[in-house]
Amino acid sequence: MSLSVIEQSNKPSPCCANPYANLKPGAPPESRALVTAVLLALGLGAWAAAYATVKPLSEWLAFSALGLAHGSRLGESVAFFLYDTPKVLLLLTLIVFLVGIARSFFTPERTRAILAGKRESVGNVLAALLGIVTPFCSCSAVPLFIGFVEVGIPLGVTLSFLVSAPMVNEVALVLLFGLFGWKVAALYLGTGLGIAVLSGFVLGRLKLERWVEPWVYESLNASAGFEQERLGFTGRVGKGLEAVREIVGKVWPWVLLGIAVGAGIHGYVPEGLLASVMGKSAWWSVPAAVVIGVPMYSNAAGIIPVVEALLGKGAALGTVLAFMMSVIALSLPEMIILRKVLKPRLIATFVGVVASGILLVGWLFNAVL
Amino acid sequence: MKIQVLGTGCAKCKQLTANTVAAVEELGLGVPVEKVEDLREIMKFKVMSTPALAVDGRVLSAGKLLTPGEVKALLAT
Chain A
1 MSLSVIEQSN
11 KPSPCCANPY
21 ANLKPGAPPE
31 SRALVTAVLL
41 ALGLGAWAAA
51 YATVKPLSEW
61 LAFSALGLAH
71 GSRLGESVAF
81 FLYDTPKVLL
91 LLTLIVFLVG
101 IARSFFTPER
111 TRAILAGKRE
121 SVGNVLAALL
131 GIVTPFCSCS
141 AVPLFIGFVE
151 VGIPLGVTLS
161 FLVSAPMVNE
171 VALVLLFGLF
181 GWKVAALYLG
191 TGLGIAVLSG
201 FVLGRLKLER
211 WVEPWVYESL
221 NASAGFEQER
231 LGFTGRVGKG
241 LEAVREIVGK
251 VWPWVLLGIA
261 VGAGIHGYVP
271 EGLLASVMGK
281 SAWWSVPAAV
291 VIGVPMYSNA
301 AGIIPVVEAL
311 LGKGAALGTV
321 LAFMMSVIAL
331 SLPEMIILRK
341 VLKPRLIATF
351 VGVVASGILL
361 VGWLFNAVL
Chain B
1 MKIQVLGTGC
11 AKCKQLTANT
21 VAAVEELGLG
31 VPVEKVEDLR
41 EIMKFKVMST
51 PALAVDGRVL
61 SAGKLLTPGE
71 VKALLAT
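So the sequences go chain by chain: A and B.
Take 1 as the starting number for the first sequence in our numbering and just add one per residue.
Take 1 as the starting number for the second sequence in our numbering and just add one per residue.
No lab work stands behind these hints, which were simulated from the structure alone.
We put the CB at the ideal spot given by N, CA and C, even for glycine.
Just to be clear, a hint being listed does not mean it is correct.
Unchecked claim - Here chain A is said to cover these stretches of chain B; the calculated rule only asks that three of the stretch's residues, wherever they fall, bring their Cβ under 8 angstroms from a Cβ of chain A: (1) 37 to 44; (2) 47 to 60.
Stated by the list, open to error - Some chain A residues near chain B, calculated using beta-carbon distances under 8 angstroms: (3) Glu109; (4) Ala113; (5) Val142; (6) Gly147.
Using the sequences and the hints, build the whole thing.
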């Protein structure tokens, strides 16, 4: 039901008349931008209206329309699913749209230009920050790696970027903010950046250049790469819509699966059961979460509903955060791709250092909170 | 005219190849679409994100899955 609302408000439907059709071919760019601004305002208004109706509608559906009892296991599971699905999908659509616009300002080429010639410590911090906003897909990891190395960006700085880009995920960040509040979101952002900066710095100190496949250095001939086209306001909004089509279109089944698992945990796992296994007192639960999480690979959007349900049942925040980070930051497909430029020993060290960082974060949170 | 699609074999790269083939057919250019999968070859084009589209050795688009229509517009210029 709410799904169709999303599609109407945020996706351009090919069936409808082109809103730019009335503009004369030679119309000034301002009038084009004005049409875009009006459409944008309408879309955001529809989004806000849909978001406001999610809670009452889901409760009415679960407890009145379906007649499920408050407090019953099935009732609580179904209510969780009906409430979280439209809420998470709506949040996801808005976030992906805004990030798509933000990312149109950052290209891999521009990021490389910013990082080139920076000192190692400053470079690590900058690389971690830029990792959040630079468009990155694991299938581009290798060209990006070589592109960074060939302009003389240190290996450690490049690795900081490669840790931060998947780990500090803007979708995860905003979903954490929406579901748990700003404190958890800030913790995730701060520690994620910290791990990326420190592990890149440590790997840089280890002088691992000899574990990079030799052909990478042989093919070095730094020069200006491909020049991206210039975008106006309408072009940037278009980039946002493109991101929504591409990302939301791809991750929604994972989100539904994640919410279904979360709903099951929410309704059927007794309160406090996880406190003994995943609670603060069990020190071994953090390494266990990392060991389980590293080989697993899920999308950030799919893992968060599971996180929400685990936390609700008494699992400690540090343990859950460690699990989530190891699932999304270290993925097998990316390692296989990186194997083309990095020798197994460097990949193993990379995984080891990042996993240790995640481990420390888990323990730190369980100790402080 | 030499049309090349650069990509290491991910889903997006395969899709771009298919879209490019469709665009070439619609334009009736009658030239083959070459797929460049070897990383060292790809790096010679100086792209930092894949999939990329190159015509006569010049990169026209990188890091974007173009639709057949967008490929047509690029090839027409």
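Hint check results:
no. : hint     : verdict
1   : 37 to 44 : holds (count 5)
2   : 47 to 60 : holds (count 6)
3   : Glu109   : 6 angstroms, holds
4   : Ala113   : 11 angstroms, violated
5   : Val142   : 6 angstroms, holds
6   : Gly147   : 4 angstroms, holds
The structure does not agree with numbered hint 4 stated previously, though it agrees with all others.
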